[in-house]
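Student: Chain by chain, the residues run as shown.
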Amino acid sequence: AQSVTQLGSHVSVSEGALVLLRCNYSSSVPPYLFWYVQYPNQGLQLLLKYTTGATLVKGINGFEAEFKKSETSFHLTKPSAHMSDAAEYFCAVSGAGGGNKLTFGTGTQLKVEL
Amino acid sequence: DAGVIQSPRHEVTEMGQEVTLRCKPISGHNSLFWYRQTMMRGLELLIYFNNNVPIDDSGMPEDRFSAKMPNASFSTLKIQPSEPRDSAVYFCASSTAGGNQPQHFGDGTRLSIL
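Residue numbers (the numbering used here), protein chains in the order written: chain H, 1 to 114; chain P, 1001 to 1114.
Think of the hints as simulated: they come from the structure by calculation, not from any bench. Even glycine gets a Cβ: it sits at the ideal position worked out from N, Cα and C.
Here are the simulated DSSO-like pairs of lysine-lysine, each with C-alpha atoms no more than 30 angstroms apart in a straight line:
#1 H:Lys-101 <-> P:Lys-1068
#2 P:Lys-1078 <-> H:Lys-101
#3 H:Lys-111 <-> H:Lys-68
Covered stretches of chain P, going by a simulated chain H footprint (3 or more residues, C-beta under 8 angstroms):
#4 1042-1049
#5 1099-1105
Just some of the chain H residues that point at chain P, by a computed CB distance under 10 angstroms:
#6 Pro-31
#7 Tyr-32
#8 Asn-41
#9 Gly-95
Same shape as in the complex, but just chain P (with noise of 0.2 angstroms):
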C-alpha cells in the first residue's frame, strides 16, 4: 500500500519566493496533519483537517502560511512571502478518524530558504 506521499523531497529558494508544498494522504484516511520540524522547536502541529475542513490552525505560525485541502486525496502548504526562519522538514501525516488510531507520515520536505 502506498503511504504518505510528499512533494517535493527537498526544496531550496530565495527569501521572498513563494513555496508550496504537496502531501497526499493514504487513501481512505480522512485526517490530514502538517507539522514542522527543527532542533530548536522540535516538532510543531501547524494544522489539521478532518474531511477536508480545517479544524485547528493554531500551531500555524503568522499569515505567511496556508494550508488548503480541496479533495481527500490532495493538500498543500504554502509560504509566500518565504523567510530564512521557516528553513525546517515539513511533514505531513494521515490517519483515520478516532483518537486510538496513529497517524502515518510522509518522509518530509527539507526546505532551505536562502
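With the rest of the complex left out, here is chain H (with noise of 0.2 angstroms):
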C-alpha cells in the first residue's frame, strides 16, 4: 500500500522569497514520485518526476525537488518565487509492480503576495 502526506494545506511566501512544499511518503516497494500543479480551471499539470538515478530532479518553471529514501520525503523547492507560481501543487507516488495507478496528497495551495 501505497500514502503521500502533504504537510500544510496553505503555504503563503513573498516574490522573491524560497518555496518549500513538503511531503512525505509511504511505500512498501521503490516509489516513483510526482509533483503535479494545478491552475485554476484547468487540470494537473506535471512539473517534475522521480524515477531511478539522480535523486534531484529538475523541473519546469525553475522547481526541483529531491528524493530522500531515509527521510522518506519528496519535498519540492523553488528558490524565487513568482506570483505565476501561485496555484495548487499535489504530490504523488506509484510502484514498481503497482502498475501505473497514482496515489495522490492532499494538495497544498501556494499563495504569493508582493
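Two independent chains are provided; combine them into the complex using the hints.
Tutor: The structure is reproduced here in C-alpha cells:
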C-alpha cells in the first residue's frame, strides 16, 4: 500500500522568497514520485518526476525536488517565488509492480504575495 | 501534440437526468483514468483502464456511475440518475504503461447538478 502526506494545506510566501512544499510518502516497494501543479480551472500538469537515478530532479518553471529515501521525503523547492507560481501543488506516488495507478496527496495551495 | 480532450467543459443539468462525460486520451497511451475533484474530498480516482479493460473500479461511488472504453481513443463516464452531490470537476487522464510514466490530464468537466 502507498500513501502520501503533504504538510500544510496552505503555504504563503513573498515574491522572491524560497518556496518549500513538503511531501512524505509511504511505499512498500521502490517508489516513483511525482509533483503536479494545478492552475485555476485547469487540469493537473506534471512539474517533475523521480523514477531512478539522480535523486535531485529538476522540473519546469524552475522547480526541483530531492528524493531522500532515509527520510521518505520528496520536498518541492524553488529558490525565488514568482506571482505566477500561485497554484495548487500535488505530490503523488506509484510503485514498481503496482501498475501506473497514482496515489495523490491532498494538495498544497501556494499563495505568493507582493 | 494534442493532449487529453474532455467534453463538455461545463455541464449544468437537473437532478435525475442522465449525464455523459467524454474523454479522448493521447494517441498511443494505453491507460486511462477517471478522477473526481471536490473541495470536500479532494482528488479521487474513480476507475482506470488498461488496454480498454477496466482494472480497478473500486472508487466508483455507486451503481449510478458507469464507465466504458469501447476503443483506445474514447471513453465515457455516465451518471444515471444524477444527484446534486455528484456536482464536481471530473478529470480524465491517460498514460503509457508502467508506474514510472506520468499521467497527462485533460482540463476537466465542471458538472453542476441542480
